[in-house]
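Given chain P, put chain A in place with the hints provided.
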Amino acid sequence: MELYKLMGYELRDKLKHKEISLDELYQSLFERIHSTEDLLHSFTHLSEESAFKKAKEYQLAIEKGKEIGSLYGLPFANKDLICIKGVPTTCCSRILKGYLPPYNATVIDRLYKAGAISIGNTNMDEFAMGSSTENSCYGPTYNPWDITKVPGGSSGGSASAVASGQTIFALGSDTGGSVRCPASFCGTVGLKPTYGRVSRYGLIAFANSLDQIGCITKCVYDAALMLEVIAGKDPLDSTSLDVKIDNYTEELSKSISNKIIGIPKEFFEEGVNKEVKNSVLKAIDTLESLGAKSIEINIPHLEYTIATYYLICMSEASSNLARFDGLRYGYTSESFEGDVYDFIKRTRSEGFGAEVRRRIFLGTYTLSAGYYDMYYIKALKARTLIKKDFHEAFKQCDCIASPTMPITAFKMGELLNDPIQMYAIDILTCPVNLVGVPALSLPCGFDSNGMPIGFQLIGDFFDEKTILTLGYHLEQELNIYRKLPSLMRGGT
Amino acid sequence: MDGQEFDIIIGLEVHIQLTNLKTKLFCSCSNDYRSADPNTHICPICLSLPGSLPVINKKALDFATRLALALNCEINHEFWFYRKNYFYPDLPKGFQISQYNKAGGKAFGDGGEIQIRLNNHKKSIKINRIHLEEDPGRLVHKGSIVTSPYTLVDYNRSGVCLIEIVTEPVIESPEEAREFLKQLKSIIQYIGISNLELEGSVRVDANISIKGHDRSEVKNINSFKEVERALRHEIVRQKNLLKRGKELSQETRHWDEKRRVTISMRKKEFEADYRYFPEQDLVPIIIQDKFIQEINETLPELPNERALRLRREYLLSEFDSENLVLDKNFADFYEQGVNIDPSFGLEEYKQYCNWLMNSVSGWLNEQNLNLEDTKIQPRHIVDLINFIKEGKITTKIAKSFISDMMKGSSLTEIIKWRGKTRISDKVLLKKYAKEVIDRNPKIVKDCQVNTRAIEALIGKIMAKTKGQADPEITRSIMIDLLQKNGVI
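In the order they appear, the protein sequences are chains P and A. Going by my numbering, the residue at position 100 of the first sequence is 100; the numbering climbs one at a time, nothing skipped. Going by my numbering, the residue at position 362 of the second sequence is 362; the numbering climbs one at a time, nothing skipped.
Please keep in mind that the hints were generated in silico from the structure rather than gathered at the bench. Quick caveat: nothing in here was measured; it's all calculated off a predicted structure. You may find that some hints are simply not true.
[Unchecked claim] Chain A regions said to be covered by chain P (calculated; three or more residues, Cβ under 8 Å):
(1) 53 to 65
(2) 279 to 290
(3) 302 to 316
[What the hints assert, rightly or not] Distance condition first, Cα-Cα at most 30 Å in a straight line; then the derived DSS-like pairs of lysine-lysine:
(4) Lys244(P) with Lys22(A)
(5) Lys416(A) with Lys484(A)
(6) Lys106(A) with Lys388(P)
(7) Lys416(A) with Lys85(P)
(8) Lys106(A) with Lys387(P)
(9) Lys381(P) with Lys416(A)
Glycine included, every Cβ here is placed at the ideal spot set by N, Cα and C.
Just chain P, same shape as in the assembly (with noise of 0.2 Å):
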């Protein structure tokens, strides 16, 4: 049985019932691991030798009974911007070379309480700038569809390496779509939780308001039992909140008649492409089918949310990046010559990647003197804008609906050398960063290529239990979240 293929779920009920042991687990992860890296470049690290080691711990524990905890000693890959301690935690920027975390991130901390088994850090856009995973120290993922496609982004690493059967679970972070854009990507499942819900402590910020760790996974349930491991108050970081945590799990079969989706006409507009249009449109169909009912919305604002949200993020990015300045750890310039602002600045230039730079350079200029009010104040303005567009919204409906991108994967290097093309893309995931509520991206079907395509689903703040379950349903009656990918050049 090729073990690797299965849900995460399945597989910790073989476990529970014990009809698969871990090692066997392991074996066919690392195996498939080793005959797929080359293709996909998904992993920065991989922590073979300490995975099987802990594997073997808890099927002895499992065999004598005791409880190792909800994830049943199943496997995830983490986001290279994740701390885990000890392990090689980079950003994916030159900046970070050989750093190692001498602490844990809050989520490790909970997924490790819960039994699971760290595998290795997954690729991803240098310090998650990006959408296609090109802007990686390491080199690009490619995407499992099709080879010659990039793997969106920024958390493409942990998408592709799902998508792939490489891991079971992953952890990602979602700044302005970096979970959900991936998923869309790679026909894999994207949660962004709420603001608050899951602890950013440990997570190597890039724009602090908006960055939450968000889940990808093979499917809804999966989602839905990593979320109930890792949401939660954490007195280490003052933004999360002591917000009921939903039975996501058991919640998901619960029927969703009467539920209301909102479809906000402005985010099924000019720029989305029409094959992907149609599968959202033809989704949400089938939720109607199962009882849901749809109205139309407006986001009246929408079309200021990039220009919002790429100043918002850029602001914070170059206050946050500062402590980069190789005094301490991580990348040193070796040509400085002149006083320590001198060796600043040399590390800094040689450290950073061109993405990460361009953003440092317009974020310090938005909050310079004279500017601040012009850039970083107005998109306040307008941020509380759009949180009123979404507020006014959920008053009429219980969740929305729209395409996850308004594409599906485009080829490597397409977009690389355009970056106002590459950032207009977030355009449908941002405003929910922006605002701060869930959402959840699953495939709901493949385009004439044979690209996954993405549906999102937003929910009310906290409100995961909604856009779960509705995913779900969807999920199921589509059945289509089995199909693995070809990972060959050119796709199927």
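Chain A alone, transformed into the frame defined by chain P:
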């Protein structure tokens, strides 16, 4: 002098470390780093390792509220912390978490004042605002910063809580600044938020200008004592430039404590742009009325309130009471002392105050010590006053006992060692008086024309007895003898 008059305008920014906090402002590392080895009081948060997040120390909000109440500031009920962005090796995040009163930001408290008295003239020094911020780490050099072959960074101090007190530009002289700081120090001691005696617990920046001209900001003044000196120097420097017909430019200067001069660091055109913006890793801080009320109820009596009470209860003068309350330890000592002996009344209250403020305080100044560094007990001064009253010792002798008393010895013990009781034995004193008259015929002769010459004769007896002779008895014996001899 050419008679030119200059109006001086000074504003102070006083940074106080809240040394009485147990932990740092945003993490649970110990605040007490002074005796620790370098980089031992650090964690991912105060070292600002990637992924770490700050969490506010609630006790710091308590302390800031105490100060705001004591200074009569208007407390802001809701505010964000702000990031002040700049690069420096002692600043591991590349920004300092602080508060900001522009661009939508708010200080902890606005307004407020401190009453000072200078040359018997009262003045209120208005405060602009107070705010909380984190201290950076510390750069360590071998010898001087210029010649040191290296710079080391010690992050033990990184994240320690500072409170900044910004005055309005209303201080008109270095002396006013000195009095302001004296009162501020006193208030901080009373409300128990910091021990300003600790090295590095105070840093002052001063804005100084001569009316009608550009100001300079003098940074790096590392003790209250240095402030007056730095201000004096800077004012003279500015005046001299103006007298020579030069114009002053807006600049930042550095106080060199060793050379006692200010040195130009940068002119205005290079003034840093700190790109302040809200710190969104912390949620807005809410200071509720209920919280303020609770703090207010536990706020101790403040020095000005205490001075009024001491005037009322012990009938001390305004001057005495204000001086006495300045150091809380002195005022506590005083109140304990005067209440030990129930027979004490107005006279003793006054005497006790004098002993404390003159002899004890004088001795401490000479030794450069604080009252709490010594072993003197309030009871010791009660004994002193009573022994003098009972004629057991003279005031002069009593004064010579102070240094032993500071070491904790009781009066009886000191007298035993030194044998310095007062001589009131009339037979003995008469014998001394006769000897003095016999040996000093010239002075005796003077007594006939100048009665004040008697004092000289009494002085001889005092010298002979090393001050132990009772002056009143000696005087009456001397006058009696001279009268009998027909001298007077």
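To see whether the hints hold, each was checked on the structure:
1. 53 to 65: holds (count 4)
2. 279 to 290: With 4 residues close enough to chain P, the hint holds.
3. 302 to 316: Coverage by chain P is violated here, the residue count being 0 at a Cβ distance below 8 Å.
4. Lys244(P) with Lys22(A): Given pair lysine 244(P), lysine 22(A) is violated - Cα atoms ~33 Å apart, limit 30 Å.
5. Lys416(A) with Lys484(A): violated (38 Å)
6. Lys106(A) with Lys388(P): holds (25 Å)
7. Lys416(A) with Lys85(P): violated (70 Å)
8. Lys106(A) with Lys387(P): holds (24 Å)
9. Lys381(P) with Lys416(A): violated (82 Å)
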